[in-house]
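Just so we're on the same page, the numbering used here is the position in the sequence shown counted from 1, plus 4.
It is worth saying that the hints were derived from the structure and are not from the lab.
Heads up, a few of these hints could be off.
[Unchecked claim] In silico lysine to aspartate or glutamate, EDC-like type, Cα no more than 16 Å apart, as pairs:
id	residue 1	residue 2
1	Lys23	Glu105
2	Lys67	Asp121
3	Lys48	Glu138
4	Lys117	Glu105
5	Lys127	Glu32
6	Lys23	Asp101
7	Lys24	Glu105
8	Lys66	Asp121
9	Lys134	Glu32
10	Lys117	Glu52
11	Lys39	Glu105
12	Lys48	Asp38
13	Lys21	Asp101
14	Lys44	Glu32
15	Lys134	Asp38
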Amino acid sequence: MINKYFKLDIFFLSIKKLKKGSINQTYEININDDKYILQKINTKIFNENVIIDMDNITNHLKKYIEVPILLNNEYGRIYYKYNNNLYRIYNYIEGYDINKEKISDIQVYELGKYLYDFHIHLKKYDYIPKHLIENFHNTKYYINKISDIINKYEN
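Construct the entire structure; sequences and hints are all you get.
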């Protein structure tokens, strides 16, 4: 699939499943001397629009910070649909392999700097995402939901 649909000349290929993600199925793939991330998108949560949003946002942000860039497939699309599944490939960015239980102060600091740059440059970008999850960024909504659940079990 990778060779046929994403315009890659493959002489050497290795694939390793990454188990740290919790939503999509994610793989590190090594093609010749280049590393990529292959993701099978969880279509129970996301559709093509989340990939289109990623492409639009990263194409804006790449002028300012390092971001993953999606590869086009043979049809000029940034995703591939196969058997009702969605796939995307983007470049692998070398960096920290962060252990969520043992994150260092330096890693937290570097992450904070990156997130600052990410938000500063994204704030200037006039783009309305195509994929929306109702109340996704509404913290108060989730606090109320959790309170309702706790109250239900306490009564």
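Quiz item: Are Lys48 and Glu138 close enough, with their CA atoms no more than 16 Å apart?
Solution: This hinted pair holds, its Cα atoms lying about 15 Å apart.
Exercise. Assess, step by step, whether the Cα of Lys134 is no farther than 16 Å from the Cα of Asp38, and give holds or violated.
Key: violated, 31 Å
Quiz item: Quick one, are Lys127 and Glu32 close enough, alpha carbons at most 16 Å?
Solution: This hinted pair is violated, its Cα atoms lying about 31 Å apart.
Practice problem: Starting from Lys39, check that the Cα of Glu105 is at most 16 Å away, please. | Solution: Since the Cα atoms of Lys39 and Glu105 sit roughly 26 Å apart, the hinted pair is violated (cutoff 16 Å).
Quiz item: Given the hinted pair Lys48 and Asp38, is their alpha-carbon gap at most 16 Å?
Solution: violated, 31 Å
Quiz item: Is Lys117 within 16 Å of Glu52, Cα to Cα?
Solution: Not OK: Lys117 and Glu52 at ~30 Å, beyond 16 Å, violated.
Quiz item: Do the alpha carbons of Lys23 and Asp101 lie within 16 Å of each other, as the hint requires?
Solution: Holds, at roughly 12 Å.
Quiz item: Is Lys66 within 16 Å of Asp121, Cα to Cα?
Solution: holds, 11 Å
Quiz item: Do the alpha carbons of Lys134 and Glu32 lie within 16 Å of each other, as the hint requires?
Solution: Violated - the C-alpha atoms of Glu32 and Lys134 are around 27 Å apart, more than 16 Å.
Exercise. Measure nothing beyond the straight line between the CA atoms of Lys21 and Asp101; if it is 16 Å or shorter, mark the hint as holding.
Key: holds, 15 Å
Exercise. Would you mind confirming whether the straight-line C-alpha gap from Lys67 to Asp121 stays at or under 16 Å?
Key: holds, 11 Å
Self-check item: Restraint check for Lys23 with Glu105, where alpha carbons must lie at most 16 Å apart
Solution: holds, 15 Å
Hints 4, 5, 9, 10, 11, 12 and 15 from the list above are not met by this structure, while the remaining hints are.
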